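Please construct the entire structure, taking both the sequences and the accompanying hints into account.
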Amino acid sequence: MKAVGRCLIAGAAALVSSLPLEARARDETIERLRLGSGFEIVIGEKQPDPGGRLLEALAIWVGAKLGQPVPASLPRLVFKRADQVAVLRFKQYASEIVTQRAQPTIISIYDSRENTIYLRDTWSGATAADLSVLVHELVHHFQEVHQAKFECDAAREAAAFELQEKWLRLFGESLEEDFQIDPFTLLVRTSCGM
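Per our numbering, residue 51 is the first one in the sequence shown, and the count goes up by one each step.
Since the hints were made in silico from the structure, they are not lab data.
Source: prediction; values computed, not measured.
Among these hints, one or two may not hold up.
[As the list claims (entries may be wrong)] Pair ranges (Cβ atoms, derived):
{"id": "1", "residue 1": "Val92", "residue 2": "Cys242", "range": "16 to 26 angstroms"}
{"id": "2", "residue 1": "Val128", "residue 2": "Glu90", "range": "36 to 46 angstroms"}
{"id": "3", "residue 1": "Gly117", "residue 2": "Asp203", "range": "19 to 29 angstroms"}
{"id": "4", "residue 1": "Asp99", "residue 2": "Pro233", "range": "11 to 21 angstroms"}
{"id": "5", "residue 1": "Glu95", "residue 2": "Arg219", "range": "15 to 25 angstroms"}
{"id": "6", "residue 1": "Val238", "residue 2": "Arg103", "range": "28 to 38 angstroms"}
{"id": "7", "residue 1": "Glu90", "residue 2": "Val137", "range": "27 to 37 angstroms"}
{"id": "8", "residue 1": "Asp171", "residue 2": "Cys242", "range": "11 to 21 angstroms"}
{"id": "9", "residue 1": "Lys199", "residue 2": "Lys96", "range": "15 to 25 angstroms"}
{"id": "10", "residue 1": "Gly94", "residue 2": "Phe200", "range": "28 to 38 angstroms"}
{"id": "11", "residue 1": "Cys202", "residue 2": "Glu164", "range": "33 to 43 angstroms"}
{"id": "12", "residue 1": "Asp99", "residue 2": "Gly243", "range": "40 to 50 angstroms"}
{"id": "13", "residue 1": "Glu201", "residue 2": "Val92", "range": "31 to 41 angstroms"}
{"id": "14", "residue 1": "Arg219", "residue 2": "Gly117", "range": "25 to 35 angstroms"}
For each residue, glycine too, the CB sits at the ideal point set by N, CA and C.
Listed below in structure tokens is the structure:
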């Protein structure tokens, strides 16, 4: 089992001191890191309440990495069967998915209209890979709340995959190792018109 609490706070604190952040976002992030969420993330244990303090702790980390304040309200988590999550993904991004040659395995999706992250019902939060899925979807929540603009939906994925990879690297893992997303696949999935 790996305890992440101290490493996560230390890493986020180092990030805060090294990035040029907007003053308000920086001050809020520093204050949240100082106070902490009071939640220690432990890899290897099933997360009993992923929508509560775990989500808040991950949102603090995402906010620090993005240099943005944590949104006042975080998305709710809903667990569904894998086929139901895939249907939600297809409905939301039908035009982009139809043009992709290789259909990715759909693990989760963020629905901004519902302010909801849908996860497969097999998600436990016990691994760095599981938690990285929440990091990825939280990036989309930040993008929505902070009204980030993108050329296409694929471009929106670039920041989410980047932070997901950074999270995995904290544990010596990677997108390629855990999700079979190699650099070329990542380029295709994050580029407009491919």
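Hints versus structure:
Against the hinted window of 16 to 26 angstroms, the Cβ-Cβ separation of Val92 and Cys242 comes to about 39 angstroms, which falls outside the hint. Our hint of 36 to 46 angstroms for Val128 and Glu90 is violated, since their Cβ atoms are close to 25 angstroms apart. The hint said 19 to 29 angstroms for the Cβ distance between Gly117 and Asp203, and at roughly 23 angstroms that hint holds. The supplied range of 11 to 21 angstroms is broken by Asp99 and Pro233, whose beta-carbon atoms lie about 36 angstroms from each other.
Checking the proposed 15 to 25 angstroms range against Glu95 and Arg219 shows it holds: the Cβ atoms sit about 21 angstroms from each other. Under the hint 28 to 38 angstroms, the C-beta atoms of Val238 and Arg103, about 36 angstroms apart, fit the expected range. For the pair Glu90 and Val137, the supplied restraint of 27 to 37 angstroms holds, since their beta-carbon distance comes to about 36 angstroms. For the hinted restraint 11 to 21 angstroms between Asp171 and Cys242, the CB-CB distance of approximately 32 angstroms leaves it violated.
Roughly 38 angstroms separates the CB atoms of Lys199 and Lys96, a value that falls outside the hinted 15 to 25 angstroms. Between Gly94 and Phe200 the beta carbon distance is about 36 angstroms. The supplied range of 28 to 38 angstroms therefore holds. Distance hint check for Cys202 and Glu164: the Cβ-Cβ separation is about 22 angstroms, which falls outside the suggested range of 33 to 43 angstroms. Here the CB-CB span from Asp99 to Gly243 is close to 41 angstroms, well matched to the stated 40 to 50 angstroms.
Separation of Glu201 from Val92 is about 39 angstroms and conforms to the stated range, judged on CB atoms against 31 to 41 angstroms. For Arg219 and Gly117, the Cβ-Cβ distance of about 19 angstroms falls outside the hinted range of 25 to 35 angstroms, so the restraint is violated.
The structure fails to meet hints 1, 2, 4, 8, 9, 11, 14 from the earlier list, while all remaining hints are met.
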